[in-house]
Amino acid sequence: MAKSNLYGRDLITTQEWSKEEIIQTLELAEEMQKKRFSPEFSNVLNNRSFFMFFYNPSVRTRQSFEVAATELGGHGLFLEPKTMRLKTATSAGETVEDAANVMARYACGLGIRILEDKIADYGEGDALIREYAKYSEIPIVSMAHDKFHPCQGLADAMGYRKHLGKDLKGKTILHAWGHGALGRSHCSVQESMLICSRLGMNVRVAHPKGYSLDPEVVKWTKKNCSDNGMEFAVTNDVEEGYEGAEIVYSRNWMSEKAYHGGEFHKAEEVEKALKFTDWICDEKKMKLTNNGFFSHPMPVDRGHEVTDEVASGKRSIIIDIAENRLHVQKAVMALTMAG
Amino acid sequence: MAKSNLYGRDLITTQEWSKEEIIQTLELAEEMQKKRFSPEFSNVLNNRSFFMFFYNPSVRTRQSFEVAATELGGHGLFLEPKTMRLKTATSAGETVEDAANVMARYACGLGIRILEDKIADYGEGDALIREYAKYSEIPIVSMAHDKFHPCQGLADAMGYRKHLGKDLKGKTILHAWGHGALGRSHCSVQESMLICSRLGMNVRVAHPKGYSLDPEVVKWTKKNCSDNGMEFAVTNDVEEGYEGAEIVYSRNWMSEKAYHGGEFHKAEEVEKALKFTDWICDEKKMKLTNNGFFSHPMPVDRGHEVTDEVASGKRSIIIDIAENRLHVQKAVMALTMAG
Amino acid sequence: MAKSNLYGRDLITTQEWSKEEIIQTLELAEEMQKKRFSPEFSNVLNNRSFFMFFYNPSVRTRQSFEVAATELGGHGLFLEPKTMRLKTATSAGETVEDAANVMARYACGLGIRILEDKIADYGEGDALIREYAKYSEIPIVSMAHDKFHPCQGLADAMGYRKHLGKDLKGKTILHAWGHGALGRSHCSVQESMLICSRLGMNVRVAHPKGYSLDPEVVKWTKKNCSDNGMEFAVTNDVEEGYEGAEIVYSRNWMSEKAYHGGEFHKAEEVEKALKFTDWICDEKKMKLTNNGFFSHPMPVDRGHEVTDEVASGKRSIIIDIAENRLHVQKAVMALTMAG
Numbered sequence: 075m076a077k078s079n080l081y082g083r084d085l086i087t088t089q090e091w092s093k094e095e096i097i098q099t100l101e102l103a104e105e106m107q108k109k110r111f112s113p114e115f116s117n118v119l120n121n122r123s124f125f126m127f128f129y130n131p132s133v134r135t136r137q138s139f140e141v142a143a144t145e146l147g148g149h150g151l152f153l154e155p156k157t158m159r160l161k162t163a164t165s166a167g168e169t170v171e172d173a174a175n176v177m178a179r180y181a182c183g184l185g186i187r188i189l190e191d192k193i194a195d196y197g198e199g200d201a202l203i204r205e206y207a208k209y210s211e212i213p214i215v216s217m218a219h220d221k222f223h224p225c226q227g228l229a230d231a232m233g234y235r236k237h238l239g240k241d242l243k244g245k246t247i248l249h250a251w252g253h254g255a256l257g258r259s260h261c262s263v264q265e266s267m268l269i270c271s272r273l274g275m276n277v278r279v280a281h282p283k284g285y286s287l288d289p290e291v292v293k294w295t296k297k298n299c300s301d302n303g304m305e306f307a308v309t310n311d312v313e314e315g316y317e318g319a320e321i322v323y324s325r326n327w328m329s330e331k332a333y334h335g336g337e338f339h340k341a342e343e344v345e346k347a348l349k350f351t352d353w354i355c356d357e358k359k360m361k362l363t364n365n366g367f368f369s370h371p372m373p374v375d376r377g378h379e380v381t382d383e384v385a386s387g388k389r390s391i392i393i394d395i396a397e398n399r400l401h402v403q404k405a406v407m408a409l410t411m412a413g
Numbered sequence: 075m076a077k078s079n080l081y082g083r084d085l086i087t088t089q090e091w092s093k094e095e096i097i098q099t100l101e102l103a104e105e106m107q108k109k110r111f112s113p114e115f116s117n118v119l120n121n122r123s124f125f126m127f128f129y130n131p132s133v134r135t136r137q138s139f140e141v142a143a144t145e146l147g148g149h150g151l152f153l154e155p156k157t158m159r160l161k162t163a164t165s166a167g168e169t170v171e172d173a174a175n176v177m178a179r180y181a182c183g184l185g186i187r188i189l190e191d192k193i194a195d196y197g198e199g200d201a202l203i204r205e206y207a208k209y210s211e212i213p214i215v216s217m218a219h220d221k222f223h224p225c226q227g228l229a230d231a232m233g234y235r236k237h238l239g240k241d242l243k244g245k246t247i248l249h250a251w252g253h254g255a256l257g258r259s260h261c262s263v264q265e266s267m268l269i270c271s272r273l274g275m276n277v278r279v280a281h282p283k284g285y286s287l288d289p290e291v292v293k294w295t296k297k298n299c300s301d302n303g304m305e306f307a308v309t310n311d312v313e314e315g316y317e318g319a320e321i322v323y324s325r326n327w328m329s330e331k332a333y334h335g336g337e338f339h340k341a342e343e344v345e346k347a348l349k350f351t352d353w354i355c356d357e358k359k360m361k362l363t364n365n366g367f368f369s370h371p372m373p374v375d376r377g378h379e380v381t382d383e384v385a386s387g388k389r390s391i392i393i394d395i396a397e398n399r400l401h402v403q404k405a406v407m408a409l410t411m412a413g
Numbered sequence: 075m076a077k078s079n080l081y082g083r084d085l086i087t088t089q090e091w092s093k094e095e096i097i098q099t100l101e102l103a104e105e106m107q108k109k110r111f112s113p114e115f116s117n118v119l120n121n122r123s124f125f126m127f128f129y130n131p132s133v134r135t136r137q138s139f140e141v142a143a144t145e146l147g148g149h150g151l152f153l154e155p156k157t158m159r160l161k162t163a164t165s166a167g168e169t170v171e172d173a174a175n176v177m178a179r180y181a182c183g184l185g186i187r188i189l190e191d192k193i194a195d196y197g198e199g200d201a202l203i204r205e206y207a208k209y210s211e212i213p214i215v216s217m218a219h220d221k222f223h224p225c226q227g228l229a230d231a232m233g234y235r236k237h238l239g240k241d242l243k244g245k246t247i248l249h250a251w252g253h254g255a256l257g258r259s260h261c262s263v264q265e266s267m268l269i270c271s272r273l274g275m276n277v278r279v280a281h282p283k284g285y286s287l288d289p290e291v292v293k294w295t296k297k298n299c300s301d302n303g304m305e306f307a308v309t310n311d312v313e314e315g316y317e318g319a320e321i322v323y324s325r326n327w328m329s330e331k332a333y334h335g336g337e338f339h340k341a342e343e344v345e346k347a348l349k350f351t352d353w354i355c356d357e358k359k360m361k362l363t364n365n366g367f368f369s370h371p372m373p374v375d376r377g378h379e380v381t382d383e384v385a386s387g388k389r390s391i392i393i394d395i396a397e398n399r400l401h402v403q404k405a406v407m408a409l410t411m412a413g
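Residue numbers (my numbering), protein chains in the order written: chain A, 75 to 413; chain B, 75 to 413; chain C, 75 to 413.
Please keep in mind that the hints were generated in silico from the structure rather than gathered at the bench.
Think about it this way: if two alpha-carbon atoms lie no more than 20 angstroms apart in a straight line, the pair counts; the simulated EDC-like pairs of lysine to aspartate or glutamate are:
1) B/Lys388 with C/Glu211
2) B/Lys236 with B/Glu397
3) B/Lys388 with C/Glu171
Construct the entire structure; sequences and hints are all you get.
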């Protein structure tokens with residue numbers, strides 16, 4: 075592949091890419107899916123190394139990125155920054171500036187994953203990723219952080235294009251909070267809101283009181299919808315958003331008070347979340363939709379976020395979407411790192 | 075390579091493959107050893123990813139599988155399921171069904187290793203592997219579990235074919251329990267009993283009272299021997315089985331009472347096993363054999379299972395057999411995953 | 075590449091390679107840097123596996139070795155020996171002899187990193203590496219151990235050749251002890267002393283009393299300097315060595331008393347080292363040099379070993395040198411393992 079217009083670009087959220095760039099990425103991903111092991115793409119990153127920094131562990135994300143690098147002819151290195159001696163306010167070590175400068179000499183790109191318990195407050199993961207991006211001459215790709223999860227958003231959109239048709243304009247997605255025992259990050263649902271609104275969908279969010287999402291992301295989503303002449307709505311009613319929806323995305327996320335006193339309080343979050351037993355996506359609610367598909371970034375917390383009946387039902391597209399992670403990540407890597 | 079008749083097949087124990095399939099695998103492994111880096115085999119899994127799930131760590135098994143994938147042009151991912159949030163009776167997480175379904179979209183095959191202390195009772199590892207196999211459309215390969223170790227069995231057989239000739243019919247192998255400080259799994263010796271009896275050998279097992287192996291495996295071995303007109307014998311005498319043996323396989327394994335109260339009791343096992351100081355394979359006992367070879371799946375616990383004199387002696391074929399792990403695993407991967 | 079004269083050689087310290095072999099390696103590394111992804115070098119280790127044994131973790135060293143293997147067409151396996159059951163004085167397990175013998179059947183080479191806290195006394199890491207080398211038929215490469223760090227030394231020399239010209243004869247390097255909170259190994263600075271003295275430089279060492287380096291390394295360095303008609307000097311004065319130096323290499327290292335009672339006492343080392351606040355490389359001292367370059371093996375402990383002003387200044391060549399790790403390691407692997 076020749077260098078693309080996206081060569082060298084960071085991907086921290088799809089909101090920072092133009093709509094044309096998002097479509098270009100999705101179309102390449104769709105082509106890569108069709109021609110999965112074709113020589114056309116199997117040497118794109120030959121002998122190149124992609125670094126994957128997992129502040130938080132993840133089997134799925136690691137698999138999809140490492141396989142993506144492999145299928146492009148390159149190599150993904152699984153790295154745990156806990157073995158780095160990085161400088162902090164209280165301990166001696168290397169600065170991000172030095173670490174990023176050196177990595178840019180070795181790698182074709184750097185993926186970073188940093189979530190909940192590895193930060194002291196919402197927004198710190200995003201700040202750290204942007205610090206790496208500032209000092210690094212190679213593309214930085216978020217592999218999920220506290221605010222955004224761009225590759226998940228692209229995978230979602232690729233799934234909706236497959237099942238609803240390539241023009242998503244006017245289709246409706248509901249993001250329904252799900253109760254559960256995991257105290258999950260805002261990143262996946264926030265990214266979904268952003269990319270779906272960019273691509274012309276009506277965007278709805280339903281959650282109990284106290285579970286608002288990042289006000290800035292809400293503002294951007296509203297603006298995206300309005301730019302496309304579409305609707306944006308937030309409700310605290312467990313059933314309200316289902317009506318007429320083409321996609322239901324049911325997912326647990328942490329409350330507004332998850333961080334306090336300089337840390338993430340998972341146990342409190344779980345205790346609080348488990349009380350909202352109504353907030354489960356089930357067949358009864360799905361019947362209210364416009365023959366809607368069930369979407370989820372996985373892993374699914376069955377029995378809490380969604381019933382088995384829905385998650386394993388005919389309208390569930392979660393496995394397709396999980397597969398898409400591979401294809402969109404290959405496309406992102408090819409576009410930003412190859413040539 | 076074109077798709078073989080074994081394409082898509084799981085390998086949980088060689089007992090579930092036909093004798094012809096076992097021979098086919100051994101012959102391909104022997105050819106792969108002869109032409110180790112030949113272009114004939116170096117692109118068989120190009121750009122493909124093989125997932126290696128290590129519930130229990132292992133340096134040797136990881137090396138031999140990851141090198142096997144590399145030599146076939148593919149990539150082995152070393153994964154530790156402890157970083158997965160799998161659903162259990164007591165904690166929220168992903169189901170094996172979901173995990174297996176997604177992995178089948180990314181990988182060409184999945185290896186699983188699960189032993190002693192990662193299970194609550196004998197048989198649970200085997201059950202988990204079969205649950206993955208049920209939901210996964212890609213081949214599942216045991217990389218050693220509580221019951222079986224098919225790749226070790228194939229490596230053993232490849233070693234015996236090299237040193238005793240390709241027709242093993244009528245040759246005699248003794249599996250001699252060895253004392254020691256490791257409380258080892260039954261899997262290697264049980265697999266050896268099964269594959270050697272399939273290939274026409276007389277099979278003997280010697281162990282102190284209280285160290286019986288899985289009755290079902292014993293029954294199958296007896297049947298395999300009988301089908302081939304060969305002899306099967308079990309003794310509690312430390313010297314009895316050596317006479318006339320062509321192969322002595324000396325290895326520690328846990329007692330019948332290793333699991334109780336929902337866990338594996340290693341300390342008890344070690345204390346008990348260390349008392350049987352006679353149960354060591356030494357030159358004196360080896361003199362009783364028919365100029366027998368010394369076999370062991372490694373790592374060897376020298377001084378307990380076997381003396382240095384025997385383990386490093388001229389009739390020791392342990393390094394050859396360890397090397398064979400690479401070749402048989404390449405053959406298994408090529409036959410079940412390529413094309 | 076055809077087999078080189080260095081095929082099969084271990085690299086434990088550059089002192090054990092001839093000056094011609096060192097120059098040959100540096101010249102190949104320089105060529106590899108110029109033609110980084112050229113087909114000339116991208117298949118040199120095709121389908122081959124390089125094992126990396128990290129007794130101590132290291133992100134930088136792991137990155138540079140794993141990327142080196144990838145760029146040569148091979149694969150680097152990141153292995154942590156803590157998951158091996160190696161035999162020790164007090165516990166059952168595998169011998170180095172057995173482990174090394176088997177690895178030689180799988181891999182094209184073996185890198186080992188073992189430092190401070192993984193040994194009970196200075197010299198034990200070196201002894202362990204030499205034990206692996208004794209039993210292994212594949213090349214052993216030190217990835218930093220208690221005594222030496224040959225790949226860092228080669229990277230340093232490659233950097234000095236770039237910035238001072240290829241003939242280093244008569245140039246002067248100061249190794250200045252730096253205070254700090256890390257209690258670092260002697261290996262990098264000792265390797266630098268050795269390789270710089272081999273290549274014809276004047277070598278100076280400055281440190282507080284109590285921080286002498288290995289007397290044998292000091293003796294070898296003196297002899298190397300004398301063989302080339304150059305000067306070797308040691309001082310306890312913080313400023314003395316700077317005058318006229320072309321390179322200042324400022325680095326913390328542990329005291330002569332770091333090991334006692336069978337272990338490394340990091341906390342004591344840090345407490346003691348932090349008292350020597352004058353021992354920082356700053357602009358004032360750098361003004362005494364002959365427009366000297368600042369060198370450091372990274373990670374840099376900024377504010378202790380060196381000021382930000384110097385470390386990020388125009389005469390700092392630390393990022394170039396870190397990049398060189400990749401090129402010299404590719405050259406070492408190609409020369410000792412390919413063909």
